[in-house]
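2 protein chains.
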Amino acid sequence: MAAANNPSINRAQIAQLVRESLRRHVQNGTSPQASQGPNPLVVNISARHCHLSQESVETLFGKGHQLTPKKWLYQEGQYAAEESVTLIGPRSRVISNLRILGPCRDFDQVELAATDAISLGFKVPVRNSGDIAGTPGCMLMGPAGFLEMNEGVIRAAPHVHMAPEDAAFYGVENKSFMKLRVGGDVGVTFDRIFVRVDPSFKLEVHIDTDEGNACGFSQDVPCELIK
Amino acid sequence: MAAANNPSINRAQIAQLVRESLRRHVQNGTSPQASQGPNPLVVNISARHCHLSQESVETLFGKGHQLTPKKWLYQEGQYAAEESVTLIGPRSRVISNLRILGPCRDFDQVELAATDAISLGFKVPVRNSGDIAGTPGCMLMGPAGFLEMNEGVIRAAPHVHMAPEDAAFYGVENKSFMKLRVGGDVGVTFDRIFVRVDPSFKLEVHIDTDEGNACGFSQDVPCELIK
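Just so you know, the sequences run in chain order A and B. Residue numbering for the first sequence follows the working numbering, starting at 362 and increasing by one per position. Residue numbering for the second sequence follows the working numbering, starting at 362 and increasing by one per position.
The following block holds chain A by itself, in its conformation from the complex (with noise of 0.2 Å):
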């Protein structure tokens, strides 16, 4: 599941507030995009999860079921659910307590980081969210019984959503690409952060497991979107 923050306690945003005041005092405004932006940037680490559609999790939970939200995450509205599903892959091999997260959505799809993908022994294709024509499928298993996916699993290519005044203020259009600059003691830039824009999205980097392993990711790490 996504890294979750409760809206009224939201620990990343306020790491990143202090992280920029420190950044204002310390340095000599090295980055501007980080330091002068109309929203603070958080950063977020997207474990295995998938999107149901509401007929999928009747499928799977029984006829009428609703997802409980368990965990708020920071996009207005979205949640990690309380209900989680067992995925079995093209070898019978298995991943457990996948969780579900909310509202549901009018597809399924599942999103693994590549060493889920290694650990299951299939390929998995970059993709955005939502574009899963041609990607591979699985099964799920929950309670009331399985379901059958011909496809949908994906790895979803790092991305950032923003309302329009942070792509104002950067400088980029929905759908093009920009960079996250992750520092630290690994140092690694991701050169193709795929923009999403839209009025209800609040400025927040998705990167996956594999990604914040391999750049040491943390919310003391500091990060700059760059256009």
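Hint data in this document are derived by calculation from the structure and do not stem from the laboratory. Check the hints yourself; a few may be wrong.
Since copy identity is lost for identical chains, a pair holds within one copy or between any two.
With a Cα cut of at most 25 Å, we get these calculated DMTMM-like pairs of lysine to aspartate or glutamate [unchecked claim]: (1) K540 x E437; (2) K540 x E512; (3) K484 x E526; (4) K540 x E444; (5) K536 x D546; (6) K424 x D546; (7) K536 x E443; (8) K536 x E509; (9) K563 x E526; (10) K432 x D581; (11) K432 x D467; (12) K540 x D581; (13) K588 x E512; (14) K563 x E512; (15) K432 x D546; (16) K484 x D581; (17) K424 x E443.
Position chain B relative to chain A; hints supplied.
Chain B in isolation, oriented as in the chain A frame:
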């Protein structure tokens, strides 16, 4: 173990030569470092492994035991040994078949990716090979006994081996940093590739499995070394 290459049939080197040749014909020379250097750029992924002293090998495998080369690596004289050990972490969690790389060194060192360290349940610092003071230890188990390492478990910093002629070409010095730009669907630049210059070294970047998975590395993905 590091991705291994038989010196006489070097798939990585051939792939790189083909890539460079194609690039010269297809593109308009935007990658001078990659296409005009004195030696082809080889990038290999090092999976978790250990280096041991001869004394430690004898503790684990018996008095007088010598490592047996199983697969020669790209760097002259380096090999993955037939021998492997079991690593026991601080919470009694285990990694089996931890490959030993030879020849023996004068210290013991275990190199893990962040994902390995997380699965074992401890934190491992990013260090250059040999810089092990103050790092965590672990227990190794072999057929003839146990070896208690008080320190030496690291996440190896991504690094590049090169000869003085490569360093002159790139304009870098021993112990400086370079960048490795990895293309493909994900697009990741490693901003702190530690430079190790020695007349015996062949030009080769080593990244670990997490870094390789994060950038979607394969021998078909274009890589560029940048000062």
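Taking the hints in turn, this is what the structure says about them:
1. K540 x E437: within (24 Å within a copy, 37 Å between copies)
2. K540 x E512: Answer is neither; intra-copy 29 Å and inter-copy 37 Å both fail.
3. K484 x E526: neither (37 Å within a copy, 39 Å between copies)
4. K540 x E444: neither (34 Å within a copy, 43 Å between copies)
5. K536 x D546: Cα proximity of K536 and D546: across copies only (15 Å, versus 31 Å in one copy).
6. K424 x D546: Cα proximity of K424 and D546: none, with 50 Å in one copy and 40 Å across.
7. K536 x E443: Classified as neither: same-chain Cα gap 32 Å, cross-chain 49 Å, threshold 25 Å.
8. K536 x E509: Neither: 31 Å inside a copy, 53 Å across copies.
9. K563 x E526: within (10 Å within a copy, 50 Å between copies)
10. K432 x D581: within (22 Å within a copy, 40 Å between copies)
11. K432 x D467: Classified as within: same-chain Cα gap 22 Å, cross-chain 50 Å, threshold 25 Å.
12. K540 x D581: Both ways: K540 and D581 sit 19 Å apart in one copy and 23 Å across, limit 25 Å.
13. K588 x E512: neither (33 Å within a copy, 42 Å between copies)
14. K563 x E512: neither (29 Å within a copy, 44 Å between copies)
15. K432 x D546: Cα proximity of K432 and D546: none, with 31 Å in one copy and 31 Å across.
16. K484 x D581: The answer is between: 15 Å across copies meets 25 Å, while 33 Å in one copy does not.
17. K424 x E443: within (17 Å within a copy, 56 Å between copies)
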